[in-house]
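> Protein chains in written order, with our numbering: chain A, 7 to 299; chain B, 4 to 267; chain C, 361 to 722.
Be aware that a few hints might be false.
Here are the simulated SDA-like cross-link-like pairs (lysine to any residue), alpha carbons at most 25 Å apart as the crow flies [to be verified]: (1) B:K14 with A:L295; (2) B:K263 with C:A476; (3) B:K14 with A:G208.
One side only, chain C facing chain B, incomplete, derived with CB under 10 Å [as the list claims (entries may be wrong)]: (4) Y441; (5) G446; (6) F449; (7) M458; (8) G467; (9) A511; (10) R514.
Covered by chain B, according to a simulated footprint, are these stretches of chain A (three or more residues, beta-carbon under 8 Å) [stated by the list, open to error]: (11) 69-76; (12) 162-172; (13) 206-220.
Rather than coming from a laboratory, the hints here were simulated on the basis of the structure. We treat Cβ as the ideally placed atom computed from N, Cα and C, and that holds for glycine.
The primary structure of each chain is shown beneath.
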Amino acid sequence: MTAAAIMTAVPEKRPISAGALATLLLGPIAIVNGVAFVLPVFNLLMLSFREALSGGGLGEAFTLENWTGTVTDSYYLELIGQSISTSLFITFLTLICSYPIALYLHRSQGAWRTFLLVLVISPLLTSAVVRTYGWIAILADDGLINSILMYFGSENGIRLLFNKTGVVIGLTEILMPYMILALLAGFGRLDHRIEEAAETLGAPPWKVFWRIIVPLTMPGIALGCLLSFVLAISSFITPKLLGGGRVFLLATEIYDQAIVTLNWPLAATLSMIILVVFGAALVFYSRLLRAIS
Amino acid sequence: MEERPVSLSLKITAFFMFAFLLAPVILVLPISFSADNFMTFPPSGWSTRWYVEFFGDTHMIGALGTSTLLAVAVTGLSLIIAMPASYALVRMRLPGANVLLSFFTAPLLLPTIVLGLAILIVFAGHNLLGTFTGLVIAHLVIVLPYALRVLTTSLGGLPIPIEEAASTLGGSPLVVFFRITLPMMAPGIVATCALSFLVSFDEAVISLFLTGPRITTLPVALYQHVETQADPLVAAISVLLILLTLAVVMIVDRTAGLTKTFVK
Amino acid sequence: MSTTRQNLPGHLSIRGLTKRYEAMAAVDNLNLDVAKGELIAFLGPSGCGKSTSLRMIAGLVPASSGTISIGGRDVTKTPPYKRDIGLVFQSYALFPHMTVLKNVMFGLEMRRVPTADAERRAREAIALVRLEGKEERRPAQLSGGQQQRVALARALVIEPSILLFDEPLSNLDAKLRDEMRAEIRDIQKRLGITSIFVTHDQVEALSMCDKVAVLNGGRLEQLGTPQELYEQPATAFVASFVGRTNRLRGKAEGDRIDVAGMTIRAPGRHAGTVDIMIRPHRMAMRPILEKAAADVEPTNRIRGTIRHVYYSGDILQYEIEAAQQIMTVEQATASGGAPLAEGSDVELAWRVSDTLAFEVRQ
Numbered sequence: 007m008t009a010a011a012i013m014t015a016v017p018e019k020r021p022i023s024a025g026a027l028a029t030l031l032l033g034p035i036a037i038v039n040g041v042a043f044v045l046p047v048f049n050l051l052m053l054s055f056r057e058a059l060s061g062g063g064l065g066e067a068f069t070l071e072n073w074t075g076t077v078t079d080s081y082y083l084e085l086i087g088q089s090i091s092t093s094l095f096i097t098f099l100t101l102i103c104s105y106p107i108a109l110y111l112h113r114s115q116g117a118w119r120t121f122l123l124v125l126v127i128s129p130l131l132t133s134a135v136v137r138t139y140g141w142i143a144i145l146a147d148d149g150l151i152n153s154i155l156m157y158f159g160s161e162n163g164i165r166l167l168f169n170k171t172g173v174v175i176g177l178t179e180i181l182m183p184y185m186i187l188a189l190l191a192g193f194g195r196l197d198h199r200i201e202e203a204a205e206t207l208g209a210p211p212w213k214v215f216w217r218i219i220v221p222l223t224m225p226g227i228a229l230g231c232l233l234s235f236v237l238a239i240s241s242f243i244t245p246k247l248l249g250g251g252r253v254f255l256l257a258t259e260i261y262d263q264a265i266v267t268l269n270w271p272l273a274a275t276l277s278m279i280i281l282v283v284f285g286a287a288l289v290f291y292s293r294l295l296r297a298i299s
Numbered sequence: 004m005e006e007r008p009v010s011l012s013l014k015i016t017a018f019f020m021f022a023f024l025l026a027p028v029i030l031v032l033p034i035s036f037s038a039d040n041f042m043t044f045p046p047s048g049w050s051t052r053w054y055v056e057f058f059g060d061t062h063m064i065g066a067l068g069t070s071t072l073l074a075v076a077v078t079g080l081s082l083i084i085a086m087p088a089s090y091a092l093v094r095m096r097l098p099g100a101n102v103l104l105s106f107f108t109a110p111l112l113l114p115t116i117v118l119g120l121a122i123l124i125v126f127a128g129h130n131l132l133g134t135f136t137g138l139v140i141a142h143l144v145i146v147l148p149y150a151l152r153v154l155t156t157s158l159g160g161l162p163i164p165i166e167e168a169a170s171t172l173g174g175s176p177l178v179v180f181f182r183i184t185l186p187m188m189a190p191g192i193v194a195t196c197a198l199s200f201l202v203s204f205d206e207a208v209i210s211l212f213l214t215g216p217r218i219t220t221l222p223v224a225l226y227q228h229v230e231t232q233a234d235p236l237v238a239a240i241s242v243l244l245i246l247l248t249l250a251v252v253m254i255v256d257r258t259a260g261l262t263k264t265f266v267k
Numbered sequence: 361m362s363t364t365r366q367n368l369p370g371h372l373s374i375r376g377l378t379k380r381y382e383a384m385a386a387v388d389n390l391n392l393d394v395a396k397g398e399l400i401a402f403l404g405p406s407g408c409g410k411s412t413s414l415r416m417i418a419g420l421v422p423a424s425s426g427t428i429s430i431g432g433r434d435v436t437k438t439p440p441y442k443r444d445i446g447l448v449f450q451s452y453a454l455f456p457h458m459t460v461l462k463n464v465m466f467g468l469e470m471r472r473v474p475t476a477d478a479e480r481r482a483r484e485a486i487a488l489v490r491l492e493g494k495e496e497r498r499p500a501q502l503s504g505g506q507q508q509r510v511a512l513a514r515a516l517v518i519e520p521s522i523l524l525f526d527e528p529l530s531n532l533d534a535k536l537r538d539e540m541r542a543e544i545r546d547i548q549k550r551l552g553i554t555s556i557f558v559t560h561d562q563v564e565a566l567s568m569c570d571k572v573a574v575l576n577g578g579r580l581e582q583l584g585t586p587q588e589l590y591e592q593p594a595t596a597f598v599a600s601f602v603g604r605t606n607r608l609r610g611k612a613e614g615d616r617i618d619v620a621g622m623t624i625r626a627p628g629r630h631a632g633t634v635d636i637m638i639r640p641h642r643m644a645m646r647p648i649l650e651k652a653a654a655d656v657e658p659t660n661r662i663r664g665t666i667r668h669v670y671y672s673g674d675i676l677q678y679e680i681e682a683a684q685q686i687m688t689v690e691q692a693t694a695s696g697g698a699p700l701a702e703g704s705d706v707e708l709a710w711r712v713s714d715t716l717a718f719e720v721r722q
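Here chain A stands alone, though its shape is the one from the complex:
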């Protein structure tokens, strides 16, 4: 026993210690993350406590003005409320549209499944600008839908672009791939033998769906909804282009305050509010997940 203790006390000879090697290997990524992630975000947080002077200048003193101003101003309160409710609505639509695709994908196999996966993932990797442009082509006054309506005798068509309807439709489609992938990841527990067991016990298809499939895929649904909500409330390109400057959401307001009005402290405060909403969504999600399992 004592001999063993003495042996372990002797350090092993190595050309370079494990700690030093790890530091060397992880150093570059830590620097990038520090310089372009941790530092800027911390700086942004600090900025939300600084006074905005006219012309983009910054006051030196610490102030709660931005925060108190934002959460007492009815315009910003409505903006935040609108952003949250719109994002929730979009999340719901995304779930409804994505679920059949995910279920179908889960049940298909081989090359056909790969092909369908390519169809799902390709939009995900296609620039949001390109896909939003596609929606302009569909929703515009002389776009696909209105051309069809006119063909069938409609006089004026309907206004789908540069209002909330357009933003909701576009964002729903943009977020679908994320939702589908999250659902698919959560479908692992879905075993067709369980469904068959339920059927042999006398459950009709709609009951199998509501009583077996939906509860079993609940973790995937929760994850997909979290992702969609978070992405919806922070998306910028689509609301800006499809809203045509007439739909105001948190993300577009942040951009306007930062670039147009040059009120960085306010933009920083709104950014932090988005992060607070994120945090709340995350807490809600983990509560939900615990309740499910």
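We have chain A already, so just place chains B and C on it with the hints.
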């Protein structure tokens, strides 16, 4: 295993949802061959004039050049930075390796609008706005999480005994890494390159904050173009971008596997 | 502790080898000498420390304390790539991106053997494991057995001073396993390479190896020839792990042991609580009505009742309730008589010398 047959109602619903999902991507193809001056659907005539227009548009071509150069630089750097990091995280049994991995992939969780603003403010104080260097650093932040995730998955999937075998046969750690580990990671590395390239090439929001009159990327130029006018020029460029995306998705599927990379 | 003692340190000499993970010792003070050319098995249940010991010998796991020397050279701190050891893995661990030939040549290349020479030797090794013609295949194009042969050739070709096998046959089906067992044994003897063979399969250990080291809970229970292990197990663990046993617990006084009111004799003198073990096929059984033949040798006799009879072709297995225990007795079937009926009262008899008794430490 016998698969459960897919019911007709599910097939039909899934078909319509797929149509909805793919509609905007598919629609740009006919529009790109429009002969009209403005974007209308259906076009009143067909031509390739918008493709010609694109290749004659010095602003767009310049942006394409910047985007390509930027994506190549970011891809190379992300590989050089993420490779050693993933080795340390997967193989060195560091205490808290999971926490570190979460930390290094955290930029993915941050909304790009917030990250873009945050970087804008810091870069403004260091003359990095509107510079290539600034864009490279900012893109690295969002590309590295992807690279790290694919590489750690790839490395974590390698059987350790193979490396041990090489070691007992006389291969020093460096020889084992370059002769055994690296070649076995080839699929993961190809997938990392493809993804990194595309994520950087397509990035619009952060770039929007960092570009200016001096330098712009293709997605930013497209965004600004769409914001001011609706003509089929963007459709023509979109078709080219969609083809690029498809190529990358194919590469990822052939190498790392789509399911492994995108479905956890 | 070991029943075979060597005066000289062996070709492979292990002294006080210990591996601790946190507070738990995976390998605890292992002492072992392996003579040149010997094939020795590390046998034990999973988690007994046999694989950890092997990995320490290979240098893949650093030892917490103790020393390992090969041919008189202390290699305890030597990294695996400088140890000159061949290791055959359970999962084969072939390099998937190299051909069979390149796999086998890898070790020679590391030793800077000129390419032409290396290729000649690699081809010889491939021929030795009877894989001629498969040199340009990739591992994925080979069957499990063929892959294992490549792994063997790859380990052999570097002419290591020690060859280690880490459960190399456990991924093969039964028939292939028997074939490979004979083949490995044959090649090992022919080349005279000192070898260690880790296995949890006692048949493999007993039938292949010159000596067997039985490990349990990180400790060496016994080192001996297969016969020594079976006939003179040093501990109750060895007796029950190697071969099958019936186990009875009783109170001992001298050579007499009281089990549920019956007296059983065992060789040697014991005291206190003891475990008695008897091999099922060393017991004779007959109906009580038959007249007992005069014993030539000292014999233990107890009475019991047949509870179950299992017929499996060449063997009849009886489960007999005796001494408040269920005992198993095996008999070879014969063309004549029918098996005894369930419920019959029988007498069990076995030689005193076949009684293994172990004092239970409390």
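> All hints are to be evaluated individually against the structure, with a verdict given for each.
Hints versus structure:
Between K14 (chain B) and L295 (chain A), the direct Cα distance comes to roughly 30 Å. Violation of the 25 Å bound is thereby established for this hinted pair. Using a Cα cut-off of 25 Å, the hinted pair K263 (chain B) and A476 (chain C) is violated, with the two alpha carbons roughly 42 Å apart. Annotation: proposed proximity of K14 (chain B) to G208 (chain A) holds, straight-line Cα distance about 24 Å (limit 25 Å). For Y441 (chain C), the suggested interface contact is upheld, since its CB lies about 5 Å from the closest CB of chain B, less than 10 Å.
Because the smallest distance between the Cβ of G446 (chain C) and any Cβ of chain B comes to about 7 Å, under 10 Å, the interface hint for this residue holds. The interface hint given for F449 (chain C) holds, since its Cβ lies 5 Å from the closest Cβ of chain B, which is under the 10 Å cut-off. Interface hint status for M458 (chain C): upheld, as the beta-carbon distance to the closest one in chain B is roughly 8 Å, under 10 Å. Of the supplied interface hints, the one on G467 (chain C) holds, with its beta-carbon coming within about 4 Å of a beta-carbon of chain B, less than 10 Å.
The restraint placing A511 (chain C) at the interface with chain B holds, with a minimum CB-CB distance near 8 Å, inside the 10 Å limit. Using the Cβ-Cβ criterion of 10 Å, the hint placing R514 (chain C) at the interface with chain B is satisfied: the shortest such distance is roughly 7 Å. By the rule of at least three residues with a Cβ nearer than 8 Å to a Cβ of chain B, the coverage given for the stretch 69-76 of chain A is violated, with 0 such residues. Taking a C-beta to C-beta cut-off of 8 Å, the stretch 162-172 of chain A contributes 0 residues in contact with chain B, too few for the three needed, and the coverage statement is violated.
Proximity of the stretch 206-220 of chain A to chain B, defined as three or more residues with a beta carbon under 8 Å from a beta carbon of that chain, is not established by the 1 residues found.
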